[in-house]
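Visitor: Order-wise, the sequence lines are chains A and B.
Each residue of the first sequence is one higher than the last, beginning at 1443 in this note's numbering.
Each residue of the second sequence is one higher than the last, beginning at 297 in this note's numbering.
Don't read these hints as lab results, they were simulated from the structure.
Heads up, some of the hints might be wrong.
[What the hints assert, rightly or not] Not everything, but these chain B residues come out facing chain A in the computed CB check (under 10 Å):
id : residue
1  : G355
2  : L382
3  : M386
4  : M388
5  : L395
6  : F402
7  : P441
8  : R456
[To be verified] Computed list of chain B residues with no C-beta within reach of chain A, every gap over 12 Å:
id : residue
9  : E370
10 : Q391
11 : G447
Just so we're clear, the structure is a prediction, and the values are computed from it rather than from any experiment.
The beta carbon of each residue, even a glycine, is placed where N, CA and C say it ideally should be.
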Amino acid sequence: MAAMLSFFQQIGSKAFLSLARLGRAHIFLLRTFGALPSLWGEFRLVIAQLFSVGVATVQIIAISGLTVGMVLGLQGYTTLVDFGAEDSLGQMVALSLLRELGPVLTAILFAGRAGSALTAEIGLMKVTEQLPAMEIMAVDPFKRVIAPRFIAGFISMPLLAAMFSALGIIGGYIVGVGLVGVDDGAFWSQMQAKVDFYDDIMNGVIKSVVFGVVATWIAVYEGYEATPTTEGVAKATTRTVVHTAFAVLGLDFILTALMFGGL
Amino acid sequence: MTEIETSQELLVRMEGLKFSHGNRVILDGINIDIPKGKVTTIMGPSGTGKTTVLRLITGQLTPSAGCVMVEGQEVAGLNRSALYALRKKMGMMFQSGALFSDLSVFENVAFPIREHTDLPESMIRDLVLIKLEAVGLRGAKSLLPAELSGGMARRVALARAVALDPMMVMYDEPFTGQDPITVGVIMKLIRTLNDSLGLTSILVSHDVAEVSQISDYLYVMSGGKVVEKGSPEVLQNSDSPWVQQFLNGLPDGPARFHYPAIDLADEMLSE
Ligand SMILES: Nc1ncnc2c1ncn2[C@@H]1O[C@H](COP(=O)(O)OP(=O)(O)OP(=O)(O)O)[C@@H](O)[C@H]1O
Ligand SMILES: [Mg+2]
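Chain B on its own, in the form it takes in the complex (with noise of 0.2 Å):
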């Protein structure tokens, strides 16, 4: 395993990490830095808990041990009021959109901007209609989400993340259910909203080939664990066999597709 650098300056940090949903383990000890100015991928089977991840660095959920450190402030530790303070410097997209269904899509995107800032009419209709540009949705302003599909309304939802150019943005699958020459214009678009306007970005994706190519680092998870790290050239050539199976999508592995369950055979014949 490859360290990511220390002289890096951290933007968020998790040290021994736990979470549980009732009795059930998610995350059991994790440690995951997000450095800044870089774009972080967190990869794993599905349901090992990397949206619970996010939940965790937005506050969203109290982690059972260990802390979520972000800008050097422990999150759980934070009032509602400077919870919120931190917020407004994070974007987040949804793995389902979470768009507003009583709000066209304009207003969707302007509306963390209206929030948050007093600026001229004008100006939000000029800063809305570049976002849409760039998702390729500009015609599309005045629908409603329940007139998009879902990969249209996914793209909506990182428009609005970003709305606010926030120091930090975490994608929840922005692949998912795109075609490949929007998948193409999404990678594009999340490298170069991180790199103009340095900002930090975390991924959540399966997409191995899409997010070796604009990941900084990689951090493989499976099991509530952190099974790999690294840059994607180091993930490439690991000799780990968890690495090996997610990246060449192997059904048998370390990793297990089947949620845990008693053998099919002993549960067939138990009827």
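Excised from the complex, chain A in its bound form (with noise of 0.2 Å):
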């Protein structure tokens, strides 16, 4: 009895923790709003950052972007040959990417490429007392290191994937086209056909918006909140890329039903 009351003791506190926990990302989520207006007129800090955060994920992006679509044309045209229907490769590749594969997967590869190291940048500017002596020269973390980081995350985001997909389509057209031998116009002129604006490309647009504000602020929280230390910061960065990549799955789903219906 004693020890089922101790089991529900540690979910009760478990769970008040994450709720704590959750409180605190939101008044940072406010802070960092708030100290975005400063940041006009400050472009400088900005643009470092998007160098940093957004340039150095090209390439890991690119080359996933290219593979995904080579795999994608490869098992699309082998499902679709059965029914005689591998002239529409073209579309199936290009949804699968706009809608779901782009910004997903570009959300992911990014919490492991740029979010955890924003995560570990910012946790040791912790460790060594950098962010206290900024505090103490009356400059607020904030606008100085939070801000600019979190902006160029929102930002990159929907660029990265909009290159994730772009170079799969590419993937898939060397792969369907190049080496299986689906008719190269029936590629393009389906695809055309297809894909819609609205429904298609800005419902991923959307999604990678959403997904590069959430990655990017686990990213800058986790750093914030770590605990000064080696360890502290070695944490933090394993739960940037862990929570990131539920955070996002979990988001697709919802986001799928609403927009592509269904439920």
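Each chain sits in its own coordinate frame; assemble them with the hints.
Guide: Printed below as a string of structure tokens:
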């Protein structure tokens, strides 16, 4: 009985701590929003972060996009050819990438490449007392450190997702048309006919904007809240990647249900 | 104990200040007065809470009881903008240096100037070079913090702390890790800055001989309390066992070298 009570107590205290953490994360987000106007005129800070957050991720996104597109082309062809529908390969590759794989995989790769780096960087600034030093100099770290990184992530994500999808389509084309022999004209015309600007492209963009906010939010928050020790920063970095993956996959389901119906 | 003359104008007052980390009491009701325009030193064994006192003065930590008054304002009661307004008048040299790792030495010192003034670039450059010259590191201006030794990093931190000529400067162990020549230069620098610019300086240090030379007042802390205070001469002649132990570096006495623990023999036998 006592063991059971303490079991429930533990669940209760875990839930309470998670709730408190969620609350702090939201206060953190509000403070970040509050610091955004101060970036006006400080584009230098944002551009520096765009470079380290966005540009550094381009390589992994490009390679992943291309290979995912090539696999889609191959797998799609083997299925479609049974129905004699291999001309629709272009449509299939484009829709899978634009609606789902582009935004979702980009966000997860982003967490692994840029998000973890953001968390580690901010966490280490805390360990080495750079954040307290900034506060003592009456400079708000939210304005100097958090907000520029947040905006950079927010801007980068949709662009990276677009790149992922574009390269994925090229990858599908290389395999589909170049390797297995789908008709060149059919590949593009089917795609052009069946991909809708609002339903497919814009919904994909909305997804990647949402994922951009969430992934960057988690990354900068985990860094800011990290226990200021080497171990604390290591744990925070892992949490960034894991939490982002869960958050993105969960949100993707909700957004898909809302956008493409069914629920 | 001699009182610091009450006629003196005080910049900082700490009254009945208490602070704990969890269940561990760090400060157990201390009173420290920092007179304007003087160099006041806080001494004490490692881990007694000297850095904690500085954190309370700058409002990084909130006391669990008692209060810290700076310029007549209670620090813990200030909102963010009032606290930042107060901090603009403070400079602090961190024990660890706390330099911004992505900025060069020059940019580190220029940082507070750029943030809080609209001076033209040429003037910022002159100001920074003067400060770097004072700590002997003008030649190192384009190095990154990772390329500095510990002592050099601390000197850059010192230059940054005084970059804006603040009303009050706090130095957390500025002599640690410096060679004797640099110690002499930094001592002179702290005293000169204090007198020529009319600053108020708070120094945290273990270096008894050095601080006795440049301080106007000394506080000795131990076990979360202030155990002695007064001018250097008064302390030298104090018959308090605390002070004698500390000034003469004796391992045994009222101040304990060991972090609280059970007896060593007991601990070894308890295996
Ligand atoms: N975050 C923390 N959590 C728990 N205890 C802490 C924390 N920070 C400091 N302490 C404890 O507070 C005490 C005072 O620390 P503080 O840094 O003020 O000491 P100090 O007098 O500056 O020592 P030193 O001369 O070695 O720099 C130490 O004993 C330390 O164990
Ligand atoms: Mg200390």
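Visitor: Are the hints correct? Go through all of them and say.
Guide: Results for each hint:
no., hint, in the structure
1, G355, "9 Å, holds"
2, L382, "8 Å, holds"
3, M386, "7 Å, holds"
4, M388, "5 Å, holds"
5, L395, "7 Å, holds"
6, F402, "16 Å, violated"
7, P441, "9 Å, holds"
8, R456, "8 Å, holds"
9, E370, "18 Å, holds"
10, Q391, "8 Å, violated"
11, G447, "17 Å, holds"
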